[in-house]
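S.K.: Just need the whole structure built from these sequences, with the hints factored in.
In case you want the letters, here they are:
Protein chains: 2
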Amino acid sequence: MDVEKAVRDLERTLGPSKVDTSAATRDGCARDDSPFAGKIPAAVVFAKDSADVAATLAVCQSHGVPVTPRAAGTGRTGGAVPVEGGIVLATSTMNRVIEIDRKDLVAVVQPGVLLGEFQELVEKEGLFYPPDPSSLKTCMIGGNVAENAGGPRAFKYGVTREYVLGLEVALMGGRVLRTGKRTVKGVTGYDVTSLLVGSEGTLGVFTEITLKLVHAPTEVATVLALYPDVRAAAAAVERVVENGIVPRCLEMMDEDTLEAVRKHGVSVDARAKAMLLVEVDGRHAPLDAILEALGNVLTDGAIDVVAAQDKAQQARLWEARRALSIATRKLAKYKLSEDVVVPRSKIVTLLDRSAAICDREKVRHLAYGHAGDGNLHVNFLWNDESEKPQVERAIEGLMRATVELGGTLSGEHGIGLSKRAYLPIEQGSDLIGLQEDLKRVFDPGGLLNPGKIFPTGHGAC
Amino acid sequence: MDVEKAVRDLERTLGPSKVDTSAATRDGCARDDSPFAGKIPAAVVFAKDSADVAATLAVCQSHGVPVTPRAAGTGRTGGAVPVEGGIVLATSTMNRVIEIDRKDLVAVVQPGVLLGEFQELVEKEGLFYPPDPSSLKTCMIGGNVAENAGGPRAFKYGVTREYVLGLEVALMGGRVLRTGKRTVKGVTGYDVTSLLVGSEGTLGVFTEITLKLVHAPTEVATVLALYPDVRAAAAAVERVVENGIVPRCLEMMDEDTLEAVRKHGVSVDARAKAMLLVEVDGRHAPLDAILEALGNVLTDGAIDVVAAQDKAQQARLWEARRALSIATRKLAKYKLSEDVVVPRSKIVTLLDRSAAICDREKVRHLAYGHAGDGNLHVNFLWNDESEKPQVERAIEGLMRATVELGGTLSGEHGIGLSKRAYLPIEQGSDLIGLQEDLKRVFDPGGLLNPGKIFPTGHGAC
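Protein chains in written order, with our numbering: chain R, 1 to 461; chain C, 1 to 461.
Keep in mind the hints are simulated off the structure, nothing from the lab.
Nothing here was measured: the structure is a model prediction, and the numbers come from that model.
Hints should not be assumed to be uniformly reliable.
[Claimed, not checked] As a list, the in silico DSBU-like pairs of lysine-lysine whose alpha-carbon atoms are at most 35 Å apart: (1) R:Lys311 / C:Lys156; (2) R:Lys212 / C:Lys39; (3) R:Lys335 / C:Lys212; (4) C:Lys156 / C:Lys39; (5) R:Lys124 / R:Lys48; (6) R:Lys388 / R:Lys263; (7) C:Lys335 / R:Lys103; (8) C:Lys311 / R:Lys103; (9) C:Lys156 / R:Lys137; (10) C:Lys212 / R:Lys212; (11) R:Lys124 / C:Lys156; (12) C:Lys333 / C:Lys39; (13) R:Lys263 / R:Lys18; (14) R:Lys263 / R:Lys212; (15) R:Lys212 / C:Lys137.
M.R.: Given below as structure tokens:
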């Protein structure tokens with residue numbers, strides 16, 4: 001590996017304007033929105049098109065230099081952190097919406113398109129692109145596809161994978177492939193597209209993404225329900241699911257989360273120690289029947305249930321949920337948000353187990369999340385580096401409890417660096433070995449986004 | 001390769017009762033519901049559990065003997081045809097529904113469970129498993145997963161892939177892995193489950209399947225619309241999609257299909273030269289609004305539009321669609337049904353192109369299918385072997401037209417033997433090569449279901 005030679009080669013091949021070796025840029029691209037710091041890369045390539053991406057992957061391959069792909073760098077598990085330095089390959093400069101086809105309900109975008117801006121464009125056409133991770137104003141679609149991003153609306157609409165029809169992808173060494181289709185159905189060959197979605201930048205770099213769109217709902221209603229404890233709220237979640245009510249969002253917040261939100265200045269009934277925020281929508285279907293059914297199942301055991309159908313009222317109901325990320329971040333110097341998933345009937349058990357684990361390890365925690373999917377953000381909070389070992393034991397305890405309850409380590413953040421050590425808790429060595437073999441088909445030298453997903457990956461940070 | 005030794009080894013390992021070497025069974029398992037005949041296998045193993053499957057794959061690997069997995073053998077593209085003889089590995093004897101979990105909306109089944117029987121069990125619980133290939137009474141879930149089966153209800157509910165959460169799979173050589181999850185969300189590692197779904201029995205043999213269920217709709221309504229020509233019907237399909245109406249089924253039949261159905265004794269208005277059969281459903285949502293919207297967009301250019309909300313009337317409206325398979329089969333000695341998919345706005349263009357191609361090649365054809373998805377069953381009919389070359393030219397013409405229009409070769413039948421020669425029309429050699437590399441990760445010796453999907457596969461039949 002000769003990074004300096006690779007940088008000179010990249011400057012010659014791509015032109016120096018696309019290869020940024022300034023300290024500020026390199027520093028900025030050594031981290032993402034996780035607590036992990038990588039090794040500062042030798043250069044950051046800002047690709048303008050798929051040829052630039054392919055050329056970068058060819059040059060790095062020939063010099064044996066590691067490449068870490070990066071869209072917006074808003075990931076939570078270190079997926080965009082350059083563990084081994086090398087080159088960061090940024091696709092944030094490939095930000096064109098190539099096509100929005102109203103008739104075929106298809107969009108074609110480059111990976112650097114901001115999710116929020118794309119959604120606005122799509123909604124102007126009366127269409128809808130549902131995935132809505134909380135970073136939607138700052139995250140980019142390339143990263144969403146790499147991590148298979150979710151969000152509150154996944155309960156009804158599914159995650160990013162459900163919307164990716166086809167990909168143009170550049171592989172290590174510089175080959176560019178097209179996978180998938182432009183049609184909603186298709187079973188021609190293996191589903192390479194689904195293999196690439198959620199592969200966390202370890203198999204290839206997306207240069208063009210074909211997405212499925214749906215028509216925008218014409219009716220939306222929001223319901224807020226307050227409970228005396230999280231058990232009552234979780235029971236209400238189970239009743240929603242059991243009655244076959246499919247809200248687009250079904251969000252839960254526990255006592256400590258509500259307390260954080262109150263401290264942040266959002267007014268929430270003092271008696272409430274758990275909250276559900278539920279949103280239903282429809283098209284060519286009035287919401288009266290579903291709101292009535294929802295009212296019936298939410299009311300039991302609740303302190304209060306409030307519904308809103310106009311936008312101003314809806315925004316008020318969303319206030320606590322929206323404040324949540326900032327409000328909880330203020331609680332301690334360090335915060336790590338996990339995103340485990342359990343079968344929906346196991347939510348209360350997991351919350352009980354988390355509380356017991358955190359009591360034992362003396363770690364402060366709180367929980368909220370997409371309860372309808374069983375996807376909970378258990379947040380660990382600490383103020384001093386010296387507490388790190390007990391936090392790590394608590395996280396491992398949470399992972400073990402999750403898997404024992406039939407769950408999975410990650411619902412939407414990915415494994416990245418933060419959970420790779422826990423992968424063997426969920427997956428057998430045969431399955432991990434098979435995935436490593438699949439990785440080798442795409443990247444025999446292990447140069448593309450090294451150190452991610454697999455516990456035996458290259459150097460930690 | 002020593003098939004005789006492998007058979008003796010299998011008899012010893014599994015016990016002779018599971019290894020059937022009778023001529024009748026071996027003959028029966030040399031074909032499926034496609035026009036292809038394979039080489040008669042030396043034996044058919046009827047596996048009772050995953051250990052039997054693993055042992056068979058271990059024995060065959062050690063003797064270098066090809067294995068062709070088989071569930072019900074109802075596939076349309078030769079996926080279960082043993083091109084090289086060897087051993088047929090039947091999972092039809094693994095037919096237990098292990099679990100239906102009403103709370104978590106999950107079912108666990110063995111691969112030999114009949115789809116229709118499973119759907120009945122699920123519906124008794126008030127739940128719903130949507131995929132509905134026309135063979136649903138005779139096909140098995142293992143085959144559905146291998147081929148990623150669809151059906152009319154895919155327009156609203158998606159295909160089999162959308163319902164497979166996790167798999168237990170035995171690989172060539174005898175390793176048994178668990179992939180995926182039991183939760184609706186999960187991004188832990190690569191999506192190996194999606195790679196296996198639709199892999200046509202070439203990567204592994206499913207021994208247990210974890211499926212997502214949904215709640216059964218409480219309201220269903222059926223609408224039949226008749227048109228003076230297929231162009232008017234296709235325009236109505238486009239209006240349905242453009243207006244964001246999402247029926248669960250949106251089926252189209254062309255003039256020749258209606259003629260076949262009439263000959264079969266089903267009464268259809270003589271003026272009608274195209275038919276749409278549309279079904280909408282809902283839960284906690286009355287259908288009045290969607291039926292009104294549907295009525296508005298179907299009526300334009302229609303001869304007649306009829307709606308039915310009770311079961312008897314609905315069955316009458318479905319009569320033509322249900323008769324279709326038998327009715328069209330009577331039209332000629334040979335029939336081959338393709339299942340190409342085009343973007344929905346290209347349906348009329350594809351029908352025009354098919355007609356021109358068949359005129360030129362003097363091949364009789366008709367078309368029907370899942371118009372909402374752009375998934376058309378173009379059927380080629382012929383009576384004499386001597387017509388085969390012109391039929392093949394017509395099929396190739398259809399495939400080229402489909403790809404030129406932005407479509408894909410197969411929407412639900414798979415590639416198997418019947419379409420493998422056409423794969424390069426749609427996919428580049430790099431993508432085909434990558435898939436062959438993925439195949440080698442699972443089956444380095446190329447012994448599992450050889451000759452399928454890839455144009456350069458082992459011996460044709």
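S.K.: If a hint holds in the structure, say so; if it doesn't, say that too.
M.R.: Consistency of the hints with the structure:
Between the alpha carbons of Lys311 (chain R) and Lys156 (chain C) the distance comes to roughly 28 Å, so the proposed pair stays at or under 35 Å and holds. Only pairs whose Cα atoms come within 35 Å are accepted, and Lys212 (chain R) paired with Lys39 (chain C) is rejected, the gap being roughly 42 Å. For the hint pairing Lys335 (chain R) with Lys212 (chain C), the CA-to-CA distance comes to about 34 Å; that is within 35 Å, so the pair holds. Taking the CA atoms of Lys156 (chain C) and Lys39 (chain C), the gap is near 40 Å; set against the 35 Å cutoff, the hint is violated.
For the proposed pair Lys124 (chain R) and Lys48 (chain R), the alpha carbon gap of about 27 Å is at most 35 Å, so the pair holds. Between Lys388 (chain R) and Lys263 (chain R), the direct Cα distance comes to roughly 26 Å. Compliance with the 35 Å bound is thereby established for this hinted pair. For the given pair, Lys335 (chain C) sits about 33 Å from Lys103 (chain R) by alpha-carbon distance, which is consistent with the 35 Å threshold. Straight-line distance between C-alpha atoms of Lys311 (chain C) and Lys103 (chain R) comes to about 33 Å, which keeps the hinted pair within the 35 Å bound.
Between Lys156 (chain C) and Lys137 (chain R) the alpha-carbon distance is near 30 Å, which keeps this suggested pair within the 35 Å criterion. For the suggested pair Lys212 (chain C) and Lys212 (chain R), the alpha carbons sit about 22 Å apart, so the restraint of at most 35 Å is met. Taken as a hint, the Lys124 (chain R) and Lys156 (chain C) pair is honoured in the structure, with Cα atoms around 24 Å apart against an allowance of 35 Å. Between Lys333 (chain C) and Lys39 (chain C) the CA atoms are separated by roughly 23 Å; this keeps the pair inside 35 Å, and the hint holds.
Taking the CA atoms of Lys263 (chain R) and Lys18 (chain R), the gap is near 46 Å; set against the 35 Å cutoff, the hint is violated. Between Lys263 (chain R) and Lys212 (chain R), the direct Cα distance comes to roughly 41 Å. Violation of the 35 Å bound is thereby established for this hinted pair. The hinted pair formed by Lys212 (chain R) and Lys137 (chain C) meets the criterion: a straight-line CA distance of about 32 Å does not exceed 35 Å.
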